[in-house]
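Which chain is which? The protein sequence lines are W and A, in order. Numbering that gives the first Met the number 0 puts the first residue of the first sequence at 0, with every later residue one more than the last. Numbering that gives the first Met the number 0 puts the first residue of the second sequence at 0, with every later residue one more than the last.
All the given hints hold, so there is nothing to weed out.
As the list makes no split between identical chains, a pair holds if one copy fits it or if it spans any two.
Below, simulated DSBU-like cross-link-like pairs (lysine-lysine); rule was C-alpha separation at most 35 Å, straight line: (1) K18 - K97; (2) K18 - K8; (3) K8 - K120; (4) K38 - K97; (5) K52 - K97; (6) K5 - K97; (7) K5 - K18; (8) K8 - K52; (9) K18 - K120; (10) K52 - K5; (11) K52 - K38; (12) K52 - K120; (13) K52 - K18; (14) K97 - K120; (15) K38 - K120; (16) K5 - K120.
In case anyone wonders, no lab produced these hints; they're calculated from the structure. All values derive from a computational prediction rather than experimental measurement.
Protein chains: 2
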Amino acid sequence: MNAPQKTYKYYWEDFPVGKVSEFGNMTVSAEEIIDFAGKFDPQPFHLSEEGGKNSLFGGLCASGWHTCAMAMRMMCDGYILESASLGSPGLENIRWLKPVRPGDTLHVRSVVLEARPMDSKPHVGLLRVRTEVLNQNNEEVMQMEGYGMYRRRNPGAPKE
Amino acid sequence: MNAPQKTYKYYWEDFPVGKVSEFGNMTVSAEEIIDFAGKFDPQPFHLSEEGGKNSLFGGLCASGWHTCAMAMRMMCDGYILESASLGSPGLENIRWLKPVRPGDTLHVRSVVLEARPMDSKPHVGLLRVRTEVLNQNNEEVMQMEGYGMYRRRNPGAPKE
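Isolated chain W, as found in the complex:
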């Protein structure tokens, strides 16, 4: 006998095209910027204020990958952890638009661009979502478009 399947708050059907969500509130410190960069992206402008002053960035700024990782954490807390998420095959068009500085507080605005059932897997739907990361001045610091697979609440229901 199979164990009963876990139920979730959000399924594929809960993310219709055009849906806009805003969430997240994550402040990044100089220590966190330097810690991430020391492990994964040890370029001078991510490791010290002085290294940043000698670069085009004009001061210490977070690795773009650190900003991506922070966006992922806000997306997890914002909806993914309460969703019947099946992971992501990839994403498109990451743009790092402005430096993220120590003390910046980031939030996310996401828009569902595309939602379609997967023909090969009747219980799964695909979403394409644009994720914008903004700072405390509402300046966009990063943008990306990602694909996500989600379980359907009503597998095999006709396309609308």
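Chain A: place on chain W using the hints.
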């Protein structure tokens, strides 16, 4: 008087279209996978072997963002830190092709897809590079195409 400009091993001219480079050797542990996920991507399949067994992945696997970050570290050690790099405006087409498991040892194969001087900045050239991340069995676990800006050794030299 300006300070003398630092010199680097690699400039934009050192990355011609078609150049293939292989580098990196990075083993990831279960502890590192769980530590990264706990901070940035706390989905069950990135947090424990048991959470992974109950997912499509069949066991604990690294966050895709962790794989990106490891790729960045190998790219830094492989060439970026010895290059006149000016950062990256973004990238395209990240594909997570296979799960990265505890104990996997990753390396990178990169190919220069495009190299052009920036018309707006005569001392800067743009590169588009495809970066493939492979595991110890030479299976491709991730692929991405990124843009990078590099200082030119010979600013304003005629296009070839």
